[in-house]
Amino acid sequence: MGKFIGKAVKRREDARFLKGAGKYTDDIKLPKMTQAAFVRSPYAHAKILSIDTSEAKNADGVVAVYTAQDGCGEYGVPCGWQVDFKNGETMREPQHPLLAKDKIRHLGEAVAIVIAESLEQARDAAELVEVDYEELPAVTDPKKAMEEGAPLVHDQWEDNAAFDWCIGNDRAEVEAALENAHHVTEMEYINQRVAPNAIEPRSYIADYDVNTDKWTLYTSTQNPHLIRLLLCAFVLGIPEHKVRVVSYDVGGGFGSKIYHYTEEAILTWVSKEIGRPVKWTSDRSEAFLTDAHGRDHVVHSKMGFDKDGKIVAHLTDEYCGMGAYLSTFAPAVPTYLHGTLFQGVYTTPLIHLNVVGPFTHAVPVDAYRGAGRPEATYLLERIISKAAKEMNMDPAELRFKNFIPPFDGVKESGYQTQVALQYDSGNYHGTLERGLEMLGYEDFRKEQSEARKNGRLLGVGISTYIEACGIAPSAVVGSLGARAGLYEVGHVRVQPTGKVSVYTGAHSHGQGHETVFAQFVADKLGIPMDDVQIEHGDTEQVAFGMGTYGSRSLAVGGSAIIKSIEKVLEKGAKIAAHKLEAAEEDLEYAEGKWTVKGTDKSISFGDVSLTAYVPHDYPEGLEPGLDYSSFYDPANFTYPFGTHIAVVEVDPDTGKVDLKRFVACDDVGNVMNPMIVDGQIHGGVVQGIGQALLEEVVYDESGQMITGSYMDYAMPRADDVPMIETDRTVTPCPHNPLGVKGAGEAGAIGSTPAVVSAVVDALSHLGVTDIQMPLTPQRVWKAMQN
Amino acid sequence: MQISTTINGKTYSHDIEPRISLAHYLREILDLTGTHIGCDTSGCGACTVNLNGMAVKSCTLLAVQADGGEITTIEGMADGNTMHPIQEAFKEHHGLQCGFCTPGMVMTAADIIKNNPNPTEEEIRHGLEGNFCRCTGYHNIVKSIQHAAEKLNS
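Note that the protein sequences, when read in sequence, are chains D and E.
1 is the number of the first residue of the first sequence in the working numbering; add one for each residue after it.
1 is the number of the first residue of the second sequence in the working numbering; add one for each residue after it.
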């Protein structure tokens with residue numbers, strides 16, 4: 001702990017947000033800016049017979065109308081991860097066109113863009129574009145998409161599989177162990193499709209300047225450099241050094257703003273065509289139809305136990321919908337970010353997972369808060385809770401019995417799983433013990449049985465999750481099919497006055513980097529926080545970066561900054577030694593100054609900075625300046641873990657679930673700012689609760705979305721949830737300099753199964769063993785009647 | 001159509017298209033971009049402003065309906081550089097993350113406290129029902145409003 005590290009420092013970014021002075025993309029207005037509206041397909045699957053734009057082109061205020069025929073981005077949007085078939089066949093990767101040319105493959109796919117002087121004129125004119133479609137049968141369910149005779153999403157292949165992949169031990173060996181198991185628990189369910197719903201809709205402004213031959217793209221993205229790279233190298237083929245991508249304030253991401261979306265590329269192309277800036281901001285209906293969704297797994301799983309309750313084998317088959325095209329990370333989500341977590345926190349000796357990733361006539365899925373790990377956790381934690389009931393054991397006891405013993409990753413080595421990864425450090429007993437204590441588990445069980453006598457339905461659900469974040473070691477992910485490195489860049493520029501500008505490739509869209517990063521920079525340099533400025537989100541300020549997702553900002557981005565700080569201090573020591581006429585090894589650095597050990601001779605950080613830029617009296621052969629950039633490629637993922645416990649009461653008459661308590665004891669390694677970590681946990685937990693109780697994207701048989709607005713798609717509101725009771729244990733990450741693991745997704749990963757298990761627990765005496773998410777009153781009531 | 005309004009103490013008069021929403025008028029014509037638009041069905045509450053003493057969702061109110069009205073937006077809450085006690089409480093209790101729902105939350109919080117100076121946790125949660133936050137899980141927003149109410153009453 002330093003002066004700032006570990007302290008609940010209030011956020012420096014708050015004032016602008018609280019005064020309404022944030023700078024979100026839609027708040028930006030450029031001179032001569034035009035507005036765009038898209039013409040989108042009302043069908044999920046259709047042939048485009050003709051498009052007539054003549055009337056729209058002549059409408060008031062219209063600047064231009066473009067369709068695929070106009071040659072915008074002929075290569076389409078690429079996928080960033082290749083997951084091949086287990087038989088060696090290459091992943092099937094269809095072209096993802098910017099505008100649909102001959103065929104529509106999901107509801108809301110864009111067929112034309114209309115540009116006008118005002119938004120109203122653009123929208124009015126979009127109504128005038130005549131598209132003649134021939135509607136075709138659609139399939140949106142991932143398992144049905146693999147049935148014989150299912151409508152083909154891409155008819156160049158004989159079926160809808162993008163890949164068919166497996167991980168873990170030999171299938172036959174796992175099957176044999178299940179045959180011989182004392183008890184086998186089986187589950188079949190759907191981990192439903194959900195919509196991320198950042199409250200700020202996606203928004204883009206492209207501005208091509210003919211005089212400089214440069215583009216600027218303002219975009220609500222989580223990773224501006226990645227967008228620039230994809231845009232330039234793959235989609236439009238424009239020169240990277242002439243493109244600036246800027247992402248100022250972004251109103252939430254949750255994964256949905258990682259990906260390179262077609263609209264970003266279309267606008268960039270259009271701006272050059274019309275020679276003026278062009279803006280498009282999604283409305284909420286468009287967001288439901290076009291933002292990448294999450295989850296969408298159809299699961300069948302079996303877990304075997306010996307007579308003492310030890311897990312002996314786990315076998316799972318999943319169909320994980322990809323949607324109509326492969327979004328940036330989509331193939332990795334149900335495979336390498338999912339199957340690699342099937343060890344959970346347990347000593348399971350034999351594991352096999354098979355995943356078929358079918359195309360469906362639905363909007364593409366991609367990483368959504370947790371990305372593959374919530375789906376893995378849901379399966380493990382539900383099946384273990386179900387097994388405990390079947391074997392008449394306490395769900396906490398069954399977990400304790402199967403936990404991997406504690407290891408710190410330093411004295412004890414990391415834990416090698418059956419599914420490729422090696423965990424860094426963990427103490428799974430610790431968070432469960434603390435979680436049970438926070439809840440008062442034994443007292444609750446007494447209360448529950450008393451309540452039952454009075455007809456009240458109380459239940460408790462436990463989830464002991466692990467996740468992999470701080471993504472990721474480039475060589476490892478490269479060997480797993482990633483087409484990019486996943487390091488981060490941290491640039492520390494010490495100004496002549498000793499003030500420090502830090503440029504990070506990580507991107508804040510709510511996480512509070514401007515505060516947290518300044519906390520550890522100030523501590524490491526021994527200077528006031530006010531002397532540190534954190535900059536992000538502009539490719540012309542920040543040399544390079546991979547952005548923020550996978551709870552990586554601090555573990556990877558923070559480590560890159562630390563590397564640069566070390567270089568600054570190393571050079572600073574040389575300058576200080578020269579000025580103090582001492583040997584470098586005789587100096588020590590503390591509280592912002594170098595001191596000759598055992599004397600009162602010292603020189604401040606500010607004086608050394610000034611000397612570096614005014615090098616009149618300076619070490620021979622040393623370059624002036626104090627300015628370092630570093631790339632940090634992590635040695636491993638980080639593995640936060642924890643225990644989440646939900647307490648619910650079910651209304652016996654209506655089936656409505658009242659979430660009475662939610663306890664979270666998480667271990668995210670060292671904590672830089674506990675206020676911010678708690679905030680991340682609260683938000684993540686409630687997103688997970690949303691999936692358990694409320695949220696589901698529903699398509700009908702023809703591929704129409706019937707949950708396409710906030711009137712139809714239920715998300716948690718303030719009165720749906722209680723206060724979240726949080727605590728922590730601390731098991732530092734052994735392989736990064738701050739010892740941090742990441743906290744952005746943990747809440748959403750752990751919470752969902754805890755809530756569902758609590759509801760099932762409340763109804764277990766009625767014979768209920770599982771209920772399909774989301775646990776609407778209707779579903780719960782029906783389960784009670786059966 | 002011609003409309004006149006008083007917004008954050010300043011008088012405005014404009015000839016506008018009758019179909020534009022109050023949110024659009026504030027953002028596009030007056031450049032008061034603190035009022036945000038997160039949906040098109042009054043579901044998210046990011047566009048909440050105060051009109052004639054009442055919290056309203058400016059995305060589903062026509063600007064012409066506000067003719068002659070007195071409006072406070074998020075930009076009118078602070079007194080120069082001194083934040084309103086509700087804004088202060090949000091900062092103190094980490095009641096915001098990405099900041100996008102925040103203006104609507106602050107405007108709604110002001111309305112909750114105005115109508116009920118000592119709200120219980122349940123009353124605050126009920127009062128926030130029309131505002132989505134996807135970041136905070138509402139925990140710290142509720143805490144912020146509890147503390148703001150205490151401060152405003154002291």
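Treat the hints loosely; a few may be bogus.
To be verified - Dumping the calculated DSS-like pairs for lysine-lysine here, alpha-carbon to alpha-carbon at most 27 Å:
(1) D:Lys7 with E:Lys10
(2) D:Lys660 with D:Lys571
(3) E:Lys151 with D:Lys389
(4) D:Lys86 with D:Lys144
(5) E:Lys91 with D:Lys3
(6) D:Lys7 with E:Lys143
(7) D:Lys144 with D:Lys103
(8) D:Lys386 with D:Lys310
(9) E:Lys151 with D:Lys7
(10) D:Lys29 with E:Lys10
(11) E:Lys10 with D:Lys10
(12) D:Lys3 with D:Lys302
(13) D:Lys660 with E:Lys143
(14) D:Lys499 with E:Lys91
(15) D:Lys386 with D:Lys782
(16) D:Lys567 with D:Lys597
(17) D:Lys10 with E:Lys143
(18) E:Lys91 with D:Lys386
(19) D:Lys601 with D:Lys571
(20) D:Lys660 with D:Lys3
(21) E:Lys151 with D:Lys579
Stated by the list, open to error - Computed, partial: chain E to chain D, Cβ under 10 Å:
(22) Tyr12
(23) Ser42
(24) Gly53
(25) Ile74
(26) Glu88
Said to hold, decoys possible - Residues from chain E that keep clear of chain D, each with C-beta distances beyond 12 Å, as calculated:
(27) Ile3
(28) Ser4
(29) Gly9
(30) Glu28
(31) Leu61
(32) Gln65
(33) Gly68
(34) Asn81
(35) His93
(36) His94
(37) Lys114
(38) Pro117
(39) Asn131
(40) Gly137
The hints are simulated quantities; they were obtained by calculation from the structure and are not laboratory data.
In this text, all values refer to a predicted model and were calculated from it rather than measured experimentally.
Backbone N, C-alpha and C fix where the C-beta goes; we use that ideal spot for every residue, glycine too.
**Request:** Report the numbers of all earlier hints that the structure fails to satisfy, in ascending order.
**Result:** 1, 2, 3, 11, 12, 18, 20, 21, 22, 24, 30, 34, 35, 36, 39 and 40
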